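Guided by the hints, dock chain B onto chain A, whose structure is given.
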Amino acid sequence: MSSTTACIDGNEAAAKVAYALSEVVAIYPITPASPMGELSDAWSAAGVANLWGSVPEVVELQSEAGAAGTLHGALQTGALATTFTASQGLLLMLPNMFKIAGELTPTVIHVAARALATHALSIFGDHSDVMAARTTGFSMLCASSVQEAHDFAAVSHAVSLRTRVPFLHFFDGFRTSHEINRIDLLGDDDLRRLVDEGDIEAHKARRLRPTAPVVRGTAQNPDVFFQAREAANPFHAAVPAAVEQVFAELAELTGRRYGLVDYEGAPDAERVIVMMGSGAGAVGETVAKLVADGEKVGLATIRLFRPFPTDALLAALPDTVRHIAVLDRTKEPGAAGEPLFQDVVTALAESDRPKVRVIGGRYGLGSKEFTPAMAKAVFDEAGRDDPKRRFTVGIVDDVGGLSLDVDDGFHVERSGRSAVFYALGSDGTVGANKASVKIIGDEPDLFAQGYFVYDSKKSGSMTVSHLRFGPEPIRSTYLVQEADLVACHQFGLLDRFDVLADIRHGGTFLLNAPYTADELWEHLPRKIQRRIVERELRVVTIDATRIARELKMPGRINTIMQPCFFALSEVMELDRAVGAIKESIEKAYGRRGRLVVERNEAAVDRALTELAEVTVPATVGDETPIDETLDVLDSVREAATDDFVEKVTMRMIAGEGDLLPVSAMPIDGSFPTGTTRFEKRKLALSIPVWEPDLCIDCGKCAVVCPHATIRMKAYEPAALDGAPDGFLTKNFRSRELDGHQLTIQVAPDDCTGCGICVDVCPAKDKTQVSRKAINMAPADEHREVERERWDFFTEIPEIDRASITHGSVKNSQLLQPLFEFSGACSGCGETPYLKLLTQLFGDRLVVANATGCSSIYGGNLPTTPWATDTNGLGPAWSNSLFEDNAEFGFGMRLGIEHHQREARRLLADLRDGVGAELTDALLADPAPTEAAVIEQRARVGVLRERLADLVEDADPVVAESARRLASIADELVRTSTWIVGGDGWAYDIGFGGVDHVLGSGRNVNLLVLDTEVYSNTGGQASKATPLGAVAKFAMAGKPTGKKDLGAIARRYGNVYVAQVAIGGSDIQTVKALAEADAWDGPSLVIAYSTCIAHGIDMETSMSHMKEAVKSGYWPLYRYQPTVEEHEQPFHLDSAAPSIPLREFALKEARYSMLARSDPERSAMLLDLAQEEIDERWRYYEQLAGVERTLREPHAVDLDMIDGEPESEDDDA
Amino acid sequence: MPDLHTTYLGLSLRSPIVASAGPFTGDLDRLTELDLAGVGAVVLPSIFEEQIEHETAEIDRLFTVHDDSFNEATSFFPEIDDYGSAIDSYLELIENAKVAIDVPVIASLNGANIGGWVKYARLLEGAGADALELNLYTVAADPAVDGASLEGEHLELVALVAEEVDVPVAVKISPYYSSLANFVVAVQRAGADGVVMFNRFYSPDLDLETLDVEPRIALSTPEEVRLPLRWIGILREHLSMSIAASSGVHSGFDAAKVILAGADVAMATSSLLREGASHVATIEAQLVDWMTEHEYDSVEQMRGAVSSRGAADPAAYERANYIGNIATYTSRVMRGTVPLSRTRTR
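Here the protein sequences line up with chains A and B, keeping their order.
My numbering puts the first residue of the first sequence at 1, with every later residue one more than the last.
My numbering puts the first residue of the second sequence at 1, with every later residue one more than the last.
Isolated chain A, as found in the complex (with noise of 0.2 Å):
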């Protein structure tokens, strides 16, 4: 029996024995199967071996269809060969899968399952994914928790070769993949036992080569396609006693025994819960409590799901089970039921059992919790005389009457503890956390869990940590409900969360805070100080934030916190905790250097000497009531003019969503824009101040802000009637706006500190140059009074936009930016892009958004950035997917475009009636410039109200076409449309679309924010990534040049093509965007845009990109297709390279970790990057003096499309 524990996530307990059974590993990131991928990507890296010796090959392609592509070649030449995915990821690897399928291939697809997108992304765990792939003719074996994910691995690559039927083993994402569960790891020798030689042998005797020829993958005619599709039904009908074979073969190696379908509960159970997956876990210990109490209940829970193992489920189920509720993870709208419902309802229905009713319900999507009240719910309900033969559990369903009521105040009781921990995710919590349940588990008598909680935003975002531990195995598969200690670790969040709102009476405290345990009390917030009373908590405390300062370790509060949790907590001795957390350390931060073990080893000690008791008074003694409204929400509260915002966004804020019923949400995922600036989320330590004397107007510290928390306006001196004293203000320097007053305000409680602002605004103090225009302050200082100025200069109106030249950086800036506050990281580089497009185009864009970091800050509830103006203009912005980006925005173009010449058409039709004057000025081609834009906007209000006479035209068709008109005559006005996204999308995932899409003629602009790494995901290489730069999947430095999109692109001729830098040169980049969107046809902007994953100090961003281009790593060009002779089109827009390109990269840890941990490699590399660079500078300096004329017509002509005679129309 195998002795090794482990305390490891789902993710790795599978991909453990996935990678020890394979020689090549095709992956591909997705969230949340990502770290199965990195982690193979590591030991492949690192040498190690699989089962027989060989290092597995481990290579990253460029979507999971290519995955699935190269997992089914590597099959067909004998190679053991797996992969890594979830949700679109499996969709895009269905195509293969039928063939792998198909073609009797023996594989496994590891899959931590995931919500579909439908109304909405999801990045969360249901079955959604796993079940669209039920048709594939792959066997489909479902572990429920992490040790199952261990074991069902082993299993689900043993039977395929045996019997040649490919497997998904899938597991709960998140609730699975990233719980950290004490687990048996199965050793070499047991796989050994498990995997068959013999079975290896034959797949590799079956393997292509010239040496035993066959084909495979021919095309088949009616006449033998039908008989060769069946037969394969044997291989498939023995998948079942195959997979029980091996289940009993793991039984007698380890102890753990599994069935094909398990059941659990009461022997003569008349209800029983019929499902599969983690929910089990909640399932399993509310059956043993209600056993115990005298129901009788049971479970069936569900382990291969195909092929449906109908005998075995109708042997596990009691003969006395009279009610079943089958719980399906996933919905499939319009069937007769869930998938396992109906096959639970055909196994019975062919069974020769007397009746038993079964009822069908969903369950936790998209990772809803799902706990044993719910669980007792579903029993309650198949009881009863008459249950709803659908129901929804976990939900209020107030629209569709589906919900089951469900009774918050039942649990369950477990023999061991709880804790929960609230924290910041820069703080080290969840590290350490993790640290500590591995420090729990290897104990030999003592079993853990853990399960972190983050919240939507990517800076300053809160982590919540759920651990469990006792002497029992751990099976709870949902978040603690009545924690023994609550830890918060950051004083701040007590403002913003209730952080007591689940911790058990008599329970225990622990509170980093900025006070001595004497001074504390008087510093809580009233209503902490009354659940404490309450629930007669005792209440510890720490300053951990100075301890660590004092240690040279600021914000690590970590290795300060942990070991007051086991000094509390009592789960082990304080002295073998210590010592085993700074074990933990060592191997943590060993590597990383002594000094930063000695300091987190220091804290240990500091930690266990400060930890202080708070005395609690008897009564909180102020008894007068406590408004129960989180501070967090007095602001939203305060701004919310909008109904939906109050009744929806503020409880969404406030972490209530999960109360909100049916009836509340959109019903096709169409939410408001415009809503970030309702949550205030004060995050900046220091923000920055303006100081009007020495500002030059230039505009750069509010054209660089990544949040748009520096906002510019220029207005007459009459609007600065009733300012607040002390509100700051200058003369405005322009010739366009003369006698205006400009002030530069920032948005306090919006800003996140990040410092870009300051790091560029040129503008020195001649006297002491430290002083700049703009400088940070502390945000406690300055945060009241910049408050009430910002309010005051939001009341300031806009800028009239027809008033200025849109040409320059410092009138762009006057400009209101329509995309603000979005959850970006601190710092990010792409987001100052997309707010100077919504500032140049944001009441006439339409974005579509390619999934990947942009389109989660961009679209991730409960609010988001994208805004309107005064007029309720503004951008609408969509997500479709990550790979139809393209494609997606290109349709949208197509309606955008259909629109306008049927607008058109039905125009010149109605001419009598709208009058020839205007409908000529309407029909005028317009120029690309925002005049032209504002005066047809006003035209097209003069025509809706003509229109709206016209509807009521005593000829029909005179009024029918009116009203077809109105309902389209916005599209009169000029539309840009954007297709934004990041490097995976445009060079790798998406290439194909972008390509088309470019070579298409239409006018569509493509925005790309090129970070070189797929960054919501974690930093993994894509074919942006530059030679020798670090990354995931690319850990020794990448040995390949980054792919040159712009060439590509530039190849077609007439597609407009620019790269630019804002740090590099922020005014290229508004001539670029504004000669992208004048360009009549394609346009292409690659946007250098640094990232955290680069590895720099993300407030001197702009001095980096500054660098990027001096170094002529990124040469900003812009390629002009023109049509006049002569003319050269490439124009070079920067300098020649004057710094070597290491100056710049080795200021980036991508690039000076390889130097570090393998210089003459590093060497090597920067070597070939330079010449790289060198070469390629040559080239663009010849290539800028080529002269190019493109044919006419240069962008395809949409009357040619039509066929219509209409020769001006090129609107557009």
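No wet-lab data here; the hints were simulated from the structure.
Quantities reported herein were computed from a predicted structural model and do not represent experimental measurements.
Some clues are possibly wrong.
To be verified - For each label pair, taking beta carbons as the anchor points, the in silico distance ranges come out as:
1) 215/B with 615/A: 49 to 55 Å
2) 215/B with 533/A: 56 to 62 Å
3) 207/B with 613/A: 52 to 58 Å
Unchecked claim - Here's a subset of chain B near chain A, in silico, CB distances under 10 Å, partners left out:
4) 57
5) 59
6) 61
7) 65
8) 68
9) 71
10) 73
11) 74
12) 80
13) 83
14) 85
15) 86
Note that CB positions come from ideal geometry on N, CA and C, so glycine has one too.
Positioned in the frame of chain A, the structure of chain B alone reads:
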């Protein structure tokens, strides 16, 4: 052929020309070249405790700042096993140098606090360094710290390190102590086996475009040899420990001067950076030429011949000489050998 052997820190060297701590000695290939060119010993670049700590903390920060804070990515970098920390690379350099070259390898250290000095000194010794050079590189910028306490701290750490390690210890000092002679003698008393005169501070510069203060490295000029020359001349008779001259040794003639003043070795950095490792051979050849011409048989014989004890006019070492210099200089201007514009102030 005169005998170039000398003894430095108790180590017998084949030549008095030593490659001083600098970027040049941080590279194993250059060290081998120096060895081939006939160098007497090499001093590896100074390892700065502050730099080690800063780098370590920065690497840690790289991983910790963004880890575990977002659902889709719990990290942003692949964790690698070897970050080639400055201290590890340095220890590796010592080990490799010991294998690659035959001449003594002296490790150079700049600590940040007493504990750090001792800790790193032990590590350097453990890696096989033949001797340590304690680089007392510090800018006394704190107005609250007086000269005496600063000197006291320096002497304390010299004593601690000398006590802690078994290999000989040299102390590299700056010329900016208020009573230099007194301090150097105290260094010897504290247990040092040698003194290196002097450290050159890399003084910062101002960028007139950005108005930023920027560190800028300037190589020494041959004129700079006169500062160590004076102090070696003055101190030789007061010291039993070794003396190394550093700063401005560009030629064999400079080397001859400092040895005559009393140095056991002449250390070169800038000239090697400028001319390459083979310049050691040039210096030695020049030294040999001079010795031959002046009928010196050995370095031993030269050492201190023109120290304050041996010089014909020992007071010249201590004379401020202002009047003479200025008089000479102005007379050169008058003669037209120095252009007038250079004397003009703006």
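Hints versus structure:
1. Between residue 215/B and residue 615/A the Cβ separation comes to about 54 Å, which falls inside the hinted range of 49 to 55 Å.
2. A C-beta distance of roughly 59 Å is found between residue 215/B and residue 533/A, which places it inside the suggested range of 56 to 62 Å.
3. As the Cβ distance of residue 207/B to residue 613/A is approximately 56 Å, the hint placing it in 52 to 58 Å holds.
4. A cut of 10 Å between beta carbons decides the hint on residue 57/B: the least distance to chain A is about 7 Å, and the hint holds.
5. Taking 10 Å as the C-beta contact cut-off toward chain A, the hint placing residue 59/B at the interface holds, the least distance being around 5 Å.
6. With a least beta-carbon distance of about 9 Å to chain A, the hint placing residue 61/B at the interface is held under the 10 Å criterion.
7. Interface hint status for residue 65/B: upheld, as the beta-carbon distance to the closest one in chain A is roughly 6 Å, under 10 Å.
8. Proximity of residue 68/B to chain A holds as hinted, the smallest CB-CB distance being about 4 Å (cut-off 10 Å).
9. For residue 71/B, the interface hint holds, since its Cβ comes within 10 Å of a Cβ in chain A; the closest pair sits about 5 Å apart.
10. Restraint check, residue 73/B versus chain A: the minimum CB separation of about 3 Å is within 10 Å; hint holds.
11. Annotation: interface hint on residue 74/B holds; nearest CB of chain A at approximately 7 Å, less than 10 Å.
12. With a least beta-carbon distance of about 5 Å to chain A, the hint placing residue 80/B at the interface is held under the 10 Å criterion.
13. Given hint, residue 83/B at the interface with chain A, holds; its Cβ is 5 Å from that chain's nearest Cβ, closer than 10 Å.
14. Look at residue 85/B: its Cβ gets to within about 5 Å of chain A, closer than 10 Å, so that hint holds up.
15. At about 9 Å, the closest approach between the beta carbon of residue 86/B and any beta carbon in chain A falls short of 10 Å, and the interface hint on this residue holds.
Hint compliance for this structure: no hint is broken.
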